[in-house]
Every structure is written in structure tokens, then in C-alpha cells.
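**Student:** Please put together the full structure from these sequences, using the hints given.
Here the protein sequences line up with chains A and B, keeping their order.
Reading the first sequence from the start, the letters are residues 1 to 361 in this note's numbering.
Reading the second sequence from the start, the letters are residues 1 to 507 in this note's numbering.
Think of the hints as simulated: they come from the structure by calculation, not from any bench.
Here the structure is a predicted model, which means the values were calculated and not measured.
Hints are supplied without guarantee of correctness; some may be wrong.
Stated by the list, open to error - Below, computed lysine-lysine pairings styled on PhoX-like, alpha-carbon distance capped at 25 Å:
#1 A/LYS35 x B/LYS410
#2 A/LYS274 x A/LYS315
#3 B/LYS119 x A/LYS315
#4 A/LYS104 x B/LYS364
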Amino acid sequence: MADDLARRADFMDGVWHEQDTTPSDIADALQELLKQRHDEDEGVAPARVLNLVVIADREWRGEILNRLERVGRYHPSRLILCAVERGRTTIDAIATLRMEGDPKPGELALYHEEVLLDVGEQHLPKMDTIVDPLVVSDLATVVWSPHKHDEAVDSLMRLAQVVLIDSEQEPDPATAAARATELEQLSYVVDLAWLRSTPWRERVAATFDPARLRRELGAISAVTVRHRPDSVVTGLLFCGWLASRLGWDPGHVVTHDGGLFGRCHGRRQDVEIKLDPDPTMTAPGLAGITIQTALGTEIDLNRGPGGLSARRRTKDGRESNWTVLGASRGEAGILGEGIRQALLRDPTYEPALEVAQAMLR
Amino acid sequence: MATVEQNPLTEGLERLPVHPTTLVIFGGTGDLAKRKLLPAIYNLAHEGALPERFNLIAVSRSDIPHGDYQAMAREVIQEFSRRPPDPKVLDRLLENVRYVPGTFDDDSMYERLKECLEKFDEDGGLVFNRAFYLSTAPQFFSVIVGKLGEHGLNESPESEVRVVIEKPIGTNLAEARELNQAVLSVLREDQVFRIDHYLGKETVQNTMALRFANGLFEPIWNRNYIDYVQITAAEDLGVGTRAGYYDTSGALRDLVQNHMLQLLALLCMEPPVTFSADDVRDEKVKVLHAIHPPTVEEVPDMTVRSQYAQGMSGGQGVPGYLDEADVPKGSRTETFAALRLEVDNWRWAGVPIYLRTGKRLARKITEIAVTLKPVPHLAFEQQGSVGVQPNQLIMTMQPNEGVAISIGAKIPGTRMRIRPVNMEFLYGTAFLSQSPEAYERLILDAMRGDATLFTRVDEVEAQWRIIDPILQGWAQDDSPLPQYPAGSSGPEEANGILREGHRWRTI
Numbered sequence: 001m002a003d004d005l006a007r008r009a010d011f012m013d014g015v016w017h018e019q020d021t022t023p024s025d026i027a028d029a030l031q032e033l034l035k036q037r038h039d040e041d042e043g044v045a046p047a048r049v050l051n052l053v054v055i056a057d058r059e060w061r062g063e064i065l066n067r068l069e070r071v072g073r074y075h076p077s078r079l080i081l082c083a084v085e086r087g088r089t090t091i092d093a094i095a096t097l098r099m100e101g102d103p104k105p106g107e108l109a110l111y112h113e114e115v116l117l118d119v120g121e122q123h124l125p126k127m128d129t130i131v132d133p134l135v136v137s138d139l140a141t142v143v144w145s146p147h148k149h150d151e152a153v154d155s156l157m158r159l160a161q162v163v164l165i166d167s168e169q170e171p172d173p174a175t176a177a178a179r180a181t182e183l184e185q186l187s188y189v190v191d192l193a194w195l196r197s198t199p200w201r202e203r204v205a206a207t208f209d210p211a212r213l214r215r216e217l218g219a220i221s222a223v224t225v226r227h228r229p230d231s232v233v234t235g236l237l238f239c240g241w242l243a244s245r246l247g248w249d250p251g252h253v254v255t256h257d258g259g260l261f262g263r264c265h266g267r268r269q270d271v272e273i274k275l276d277p278d279p280t281m282t283a284p285g286l287a288g289i290t291i292q293t294a295l296g297t298e299i300d301l302n303r304g305p306g307g308l309s310a311r312r313r314t315k316d317g318r319e320s321n322w323t324v325l326g327a328s329r330g331e332a333g334i335l336g337e338g339i340r341q342a343l344l345r346d347p348t349y350e351p352a353l354e355v356a357q358a359m360l361r
Numbered sequence: 001m002a003t004v005e006q007n008p009l010t011e012g013l014e015r016l017p018v019h020p021t022t023l024v025i026f027g028g029t030g031d032l033a034k035r036k037l038l039p040a041i042y043n044l045a046h047e048g049a050l051p052e053r054f055n056l057i058a059v060s061r062s063d064i065p066h067g068d069y070q071a072m073a074r075e076v077i078q079e080f081s082r083r084p085p086d087p088k089v090l091d092r093l094l095e096n097v098r099y100v101p102g103t104f105d106d107d108s109m110y111e112r113l114k115e116c117l118e119k120f121d122e123d124g125g126l127v128f129n130r131a132f133y134l135s136t137a138p139q140f141f142s143v144i145v146g147k148l149g150e151h152g153l154n155e156s157p158e159s160e161v162r163v164v165i166e167k168p169i170g171t172n173l174a175e176a177r178e179l180n181q182a183v184l185s186v187l188r189e190d191q192v193f194r195i196d197h198y199l200g201k202e203t204v205q206n207t208m209a210l211r212f213a214n215g216l217f218e219p220i221w222n223r224n225y226i227d228y229v230q231i232t233a234a235e236d237l238g239v240g241t242r243a244g245y246y247d248t249s250g251a252l253r254d255l256v257q258n259h260m261l262q263l264l265a266l267l268c269m270e271p272p273v274t275f276s277a278d279d280v281r282d283e284k285v286k287v288l289h290a291i292h293p294p295t296v297e298e299v300p301d302m303t304v305r306s307q308y309a310q311g312m313s314g315g316q317g318v319p320g321y322l323d324e325a326d327v328p329k330g331s332r333t334e335t336f337a338a339l340r341l342e343v344d345n346w347r348w349a350g351v352p353i354y355l356r357t358g359k360r361l362a363r364k365i366t367e368i369a370v371t372l373k374p375v376p377h378l379a380f381e382q383q384g385s386v387g388v389q390p391n392q393l394i395m396t397m398q399p400n401e402g403v404a405i406s407i408g409a410k411i412p413g414t415r416m417r418i419r420p421v422n423m424e425f426l427y428g429t430a431f432l433s434q435s436p437e438a439y440e441r442l443i444l445d446a447m448r449g450d451a452t453l454f455t456r457v458d459e460v461e462a463q464w465r466i467i468d469p470i471l472q473g474w475a476q477d478d479s480p481l482p483q484y485p486a487g488s489s490g491p492e493e494a495n496g497i498l499r500e501g502h503r504w505r506t507i
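**Tutor:** Laid out in C-alpha cells, this is it:
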């Protein structure tokens, strides 16, 4: 705890900490911190966007805080980070108010609240009773558990409106899809693996948007997705999205040539689905996509400098190359997007997940 | 599921596809292009929001090569972008930037422009949409549009052609009509996007959200409950380096004719059937048509104009308007304008709507304040406190965007004493997203063909119909112009247009 305090001293505005404490003492302390802050300066206000409850292993707490720090303006308004320490029986807590940015005179100064808890494994099944007094009422509560701890997540379901997951972190894609589906029944799910496919989905939608190309959607005959070896779920979700939007019946995928291969059944023809791992890819997510149509058109999108490198080749051999502009969001950007998406609703994830799961059965 | 005709892939996407577009900026080396347009285009590129395929052509008088223009564009983007540019994205964006030098009445320039546009089409293997952005002095608007027509650039059989026109659309009703006629003799109305950048601000769009997404306000949004409305757009700065333009414009033309009447229309319009461009604009036009323009004789009773004199701003002495650089000696241009208008329709009849704008006022604030009628009977004693005040709903556009409702509350203690307190909602506390610059939204909407946030021809003319008689009345009045000290809340004379019992909110 002391190390954390010293390390983060630059950001502190108001801090409270106590060892062997209780949730109600922490809640009282937060209230007192807010009151003190407001007494000092009426021109400040607490951000009131969402509660983010993170369950993480104690040794990764600093890493999680760093990741959240990098999400910038999408930082949750109240963060409750529960660091799980093996063998611990008591709860230690640090509550901090952190000012955002450097407001100009006359402008509103915003601050965020951060509660760092050290808890033990014994607390996990009843995590809801620890967290409940600490969340801001009437704000959406998002739960994120990057190091599994499913029992804590399950106990928090009664408090949470949204669960943030990263299906890529589960080594087995079928297990990942099953867990996402299970959580979907209980809460709204924001899946970072799905968000990694967003730019690709946007670009494919844009590519087929001109009327003459839109007609070719029904003629898609093959889809190849290149992905980082451990990002197969992102690739499957992308294929699931295409299939669900275009009304393809999913077929099973099987291991083939180091990747996955399968077929979906479109209205006019079968669609070959291929997921190729790309070991040169360093960042999680997709490396490229190739879509072929029965009319002889081939569209290729690949990561490139300053955006996606696009190529379209028609049946008569004409080829056109361009760059679809856009900066890489990086993993911090993905997490920030995940937090932002918690307050939105994407109707296309669930159908895409269903298809992805069907392909893996 | 959506039909193939509707592109089933767009469902659920936040960023909808925009057809491949070549954007042409006339006045590509001008201040607006440098400070706003080029940085806005970069930010759209950064976010992946530009059309999938995008080219930019800048047209201006300076005879410089492409390379120099690209270097200038890089420099201004680095200086004025709201985020540090990603060098790779910037490099790629600039690869598709071309520069065509020439004057706006030069036929050969349009031929070179045409060649450049066609080269992009040829290289891309498709016909790009064309969006012409007229970021020039207003006298060139009709010249450019006319030349686009003469050179066949006003339409394309295989793509959309759109023209974005900056304000001001004329300096009076006659000029606005003349310009509109010139433009519409070459283009269809659905090709014309008249920018009022105020409408691109999130805060202004939130006015519609507040009214039409909340059942709380609609029942009281009428003459039975609302006593009066005030719309204020106050600036704490003086004219600065803009005296050359400002002195020919003045507060009425600069802010009231466009931005403030737009705010008024959004505040007073009936709920549109849909939020499509024409449904929203139809409702706004009805409000503008329902405003009784003052006769020249009524102008002194309904309006006030004034100029700032020397005073104090931010603790420092500042010069009066007439002492500012480049302001003509003896100028009678108003730096403050206040109006009392009424919307003569079933909902608003008899409710005064006060508009007020000025430079070098006490602080920078843009807000709409709706004051409700007082309660009919006061059971509470009024001694010992400021007492029961009418409720106010205040929508603040800047600097701290939000909504506040003033309500009466009991002062703690043994006596029943009441004073007003505020229930406040601040957008900044509830939405952590950074609002895009107004120009980012507007450029994208224009390329997409969504005219909701642009001013239609009949709106522009309806706005001038209200403002014209005021300009005429002021032109006929040669009495000394009232002055107000810089850093104050404006001239005392502004109180003269208020109805009994009404008062201006403190700036």
C-alpha cells in the first residue's frame, strides 16, 4: 500500500487509507473526502458516468492501474479495484480523489474517485456485499475481471448492468464463446475481442456500401481472416458478424493447416471460412481480411501505416489500391472504448457470438 | 434482418459509411482552412471517420506548388489539431492532397480543377462524390458557384455534387435573396449546405435532446407556464484582430441573425415528426415565420444597440471599441445588441423572447434561460430571505455545458423561509467523451449529404426578414450610440426593452 501511495503521489488530491477496514467505513470515508473537496472549492464536481469494479490478482494491480490510466478521458468516474491476495483474511483500502486535467479558470474541474481494496480469496464468493456500499447508486456498474475469478463476477451480477470481458484471454475459443454466452444471459456484455474487430467491420461495411458493390454481398464466396495466433476469437466474431448480418447458416470449423477452416451456407452459395494465424503480428487482433465473391471480385484489407491498406481486384484483372485512413487505437484505446461502449448498446454482438459459438460446436 | 438494399452491414455501427469523396476547399490557404478545416479533416482521418477513399484539393490564389501546400497543411494541422497528429496518418492523408492555384473568376483554373478531379476518379477506378467547400470572402460565393456551373462541375451523372457555403449569406435580405437565387440557378437546394457552425456544436444539438427526449418539460413548454425567455451570447473578449470584418458586420449580423435566431428556433419549434433534415428545418422555419418583425417605428422600443467603451477586463484596463486597432474613426458599429421578439403562434403568443449578445462583457457565456410564471399564491413569509422566485430552467452552452433548474427550498432553521437553489446537471460530469469540433461534424455531414445541421434557403431568408427592419431602423437613427464599460454586463439601456417585472440575468 505505502509503495502505491508514494508512486501515485503526484496525482493525489484527497486520500484516505485504512487497514483491516469494512465497506461501510470506506463508504463513509469517500463521503467525507467528497465533502472536504467541495468545501475547499465549489468549482469542482465528481464525474458521474459509471462505476467500474475490477477484480484482479494482487501482483497485477499496478499493471491494471497503468492500463486504466492510459484510457485517458474514458477513465471510469468511480473505480473500485479489488486486488485478490492469496491467504488474506482482512480488507485494506485506499480511497483517492483524482482531478482530471488542468481546467481553465471558470471551467468545471472534474474529479474521479478511486478505491483500491486488498481482499482475500475467501471474499470472492460474497464480493457483492463488499462492493455494494461502494458503488454510486443509479450509475451503471461495470464489472471487469481480467484474471478470471468467475465466482466474484457471478456474485457481482446482481449489481452489474454490464460485464467487460476479453474473450481472447481464454486460450480455448469454445470455452470463451460459452462463457460470453453465459454472461449474455445475465447482463450486457462488452467484449474487447469484439471491439478489436470494429475497424474491420466498419471498413467492410463501407467497402460494400456503394450500390453496385452492395449487390455483391449476396455473392460472397470466401472469407479469409488473418489474426494473431491467440486472437482467434476476434476472427470468429468477425466471421460471425458477417454470417449473422448476411443470413448465412453457420457450419463447423475444423483445424486445418495450422488454422481453422469451415463453410457457411449462404442463400446462393456456400461461403468458405478460413482463419489463418499470423505469427508476425505483435498486437492482439486481426492482421488482415480477404473477401472473394462468386463474381470474381476480391477485396483485401491489411494493417498498414496510417490505416488499412486496401486492394480491390475485379474479374477482368483491374486492381485498385488505397489506404483507409485511421490511427491505431492500441490496447489502451480498446480498453477505453470498452468502458465507453458500456453505456451504449450494440445489437449485433449477440448474433455474431451465436454464430461463432455454432461454428465451434 | 435488414434488406440487402439497405446495406445490412451498417446496423449497429457507430460510424456509418460515407461514399468516396473528393473535397475541394476554395480558399485553401485562408484562415478558416488553416485553423479549422484542415485540422478537422485530420481529426476525422485519425478517427477513421473520413470516407473510405478520400482526396482533398485546395484552391487559392497563391501560386505555390503541391509540395509547399502539403507542407503548409502539415504545419497547420500540427499547430491547430485538437490532438497531436499521428505522423503515419498525416503522411497518408497528405498523399492525396492536391493544390490548384488560380483566382476564382479564372476559367482556366476551373479546367485545371476539373482535370485534377477526373485524375482522382481515373486513378481510383470509380467516380468520387464531389464536395466544394466555399471558404472564401462572401463576394466570391456566387462567382464560384456560377463558374462551377459553366464548367459542368455542378453535377455528375454517377455521383453526388454538394456545395458548402460559409456564412454570411448576404448582409441583408435583398443580398441574401440575390445570392440564394444565384446559387439555386446552378444547384438544387439539396446540393447546398449553408454552414452555421453553431449548429454543429454538441451543446446546441442537446437543446433538442432536452426538449424532445424528456417528458418533464413538454407540458410546461408554452405560454401558460412560461413568463419569458432570455438567450444570451456574451463574450469577454474585444474585437481583437477581427476589426476589419467586425466593423462591417456588428453584433446583430455577426451573431443574432444566424446563431441566436437558430437557438430561438430550436427552443420554440414544435416536435418534428422525425429528425430528418427537412422535418427539423420545416419546424424551425415555422417559428421564424411566426416572429413578428419590428416595424422601423417599433425598433427603438424593441431593440438596443451599444458599443463598449474603455474599462476593465480580467483586472486589466482595456480600450474602448473606437480605440481598437483598425476600427474606423467614429464607427457606429454596435458591439452589443439586445432584442425583444415574440413568436406569434398558439404555443408562444405573448411570451417575450429576449436576445442579447455583446463583446467585452463581464464574462463569456452562452445560455438560454426560461423563466416560468410565478406561483399564484404565496403562503410563505417573504421576510428574512430573498423569498420565492419564479423557477428558471437554464441551458448553458458554454463554458460549462449543462442544465440547471432553480427551485425554492426552505432555509434550514426554525422559520419557514425560502430561497432559490439550483438543481444542476453538468454534461462534463456525465459524458467523458470529448466533443468533436463543430467543423468535424459538419464536414462529415456535408459529405454524407445530411443537411439537418445546415440552414435551408427559406430559413436564411426568414432570419433576414426579422433582422432587416432593425438594420433599417438603426440606419435612420443618428442619435449618439449608447456605450457600456468594457467588462460590464452591458448598457443600462438594455433594461428599457424588458417588460415589467422582467430582468436580465447577471452576466
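**Student:** Indicate, hint by hint, whether the structure satisfies it.
**Tutor:** For each hint, the structure was consulted:
1. A/LYS35 x B/LYS410: Satisfied, since the Cα-Cα distance of roughly 21 Å is no more than 25 Å.
2. A/LYS274 x A/LYS315: This hinted pair holds, its Cα atoms lying about 21 Å apart.
3. B/LYS119 x A/LYS315: 23 Å, holds
4. A/LYS104 x B/LYS364: 13 Å, holds
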